[in-house]
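Protein chains: 2
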Amino acid sequence: MSNDKQQPNWLFNRYNTSQGIIRQLTKGMSAQIFVGDNSMLSIARLEPHTQGELHSHPEEQWGFLLEGECVRIQEGKGIHVSMGDFWHTPSNVQHGIRSEEQAAVVLDFFSPPRPEYREVGKGFGIAK
Amino acid sequence: MSNDKQQPNWLFNRYNTSQGIIRQLTKGMSAQIFVGDNSMLSIARLEPHTQGELHSHPEEQWGFLLEGECVRIQEGKGIHVSMGDFWHTPSNVQHGIRSEEQAAVVLDFFSPPRPEYREVGKGFGIAK
Chain P
1 MSNDKQQPNW LFNRYNTSQG IIRQLTKGMS AQIFVGDNSM LSIARLEPHT QGELHSHPEE
61 QWGFLLEGEC VRIQEGKGIH VSMGDFWHTP SNVQHGIRSE EQAAVVLDFF SPPRPEYREV
121 GKGFGIAK
Chain V
129 MSNDKQQPNW LFNRYNTSQG IIRQLTKGMS AQIFVGDNSM LSIARLEPHT QGELHSHPEE
189 QWGFLLEGEC VRIQEGKGIH VSMGDFWHTP SNVQHGIRSE EQAAVVLDFF SPPRPEYREV
249 GKGFGIAK
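Read top to bottom, the protein sequences are chains P and V. For the first sequence, counting from 1, position 8 maps to 8 in our numbering; every step adds exactly one. For the second sequence, counting from 1, position 121 maps to 249 in our numbering; every step adds exactly one.
Think of the hints as simulated: they come from the structure by calculation, not from any bench. Note that the structure is a prediction, hence the values are computed from the model and not measured. It is possible that part of the hints are untrue.
With the C-beta cut set under 8 Å, the calculated list includes, among others, these residues of chain V facing chain P [said to hold, decoys possible]:
1) P136
2) Y143
3) S167
4) E188
5) F237
C-beta: ideal position from N, C-alpha, C; glycine also.
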């Protein structure tokens, strides 16, 4: 569904790559970010052979694989995730993601919103 | 990916219909609910010709269409949603969903978690 004049301002579409706040998370991985009051939604796209840095932040996170395959790293384990997989990352738990032969699209939810992701920019905004 | 002994406890799969807290929201519409600390994830399945009651709640909500088509009602408008569409519902805004000829699967995120959805049961837990 295109984002034309008939669309209400509460409706978005993940194939419209001009919506949201754009961040280049790392080489080969960009995200579109949508900010709510208590939470934040992100659509991250990984090209094949992309390595996301391990990081942590106080905001709770849910990830949901929308397309492709990738490896989710959490608690020091790299787990291959595929169609239909989703995962929960509690506050301050170190995590990361990487792709291998395939590209991937991942939907993430953060609660509360991550302050670093409210602005166009680069990087994962790694917590100190 | 099946939920076998090799799987960590932070990983789920939407095709495993035994995971989560099961609620029958209304005739033709059930949900699997996963509870976090600051947020809650729900996978709702609508059979064709299902009508969800209009309701509201203080928790912010994001919805994301995973499969099929349906009509999202918000601000008094019924908007036909299809592949890739997602939507934002601020606190206390009345909303609802219905399906027509097609079934639909909708991923919802609530922040904070909805207390009514922490338990197996029936209904949307409509705010008074």
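Evaluated hints:
1. The beta carbon of P136/V is positioned within 8 Å of a beta carbon in chain P (closest approach about 6 Å), and the interface hint is therefore held.
2. At a threshold of 8 Å, the smallest CB-CB gap from Y143/V to chain P is about 5 Å, leaving the interface hint in force.
3. With a cut of 8 Å, the hint placing S167/V at the interface with chain P holds, because the nearest CB-to-CB distance is about 4 Å.
4. Given hint, E188/V at the interface with chain P, holds; its Cβ is 5 Å from that chain's nearest Cβ, closer than 8 Å.
5. Contact between F237/V and chain P, as hinted, is supported at the beta carbon level, the nearest pair being about 5 Å apart and thus within 8 Å.
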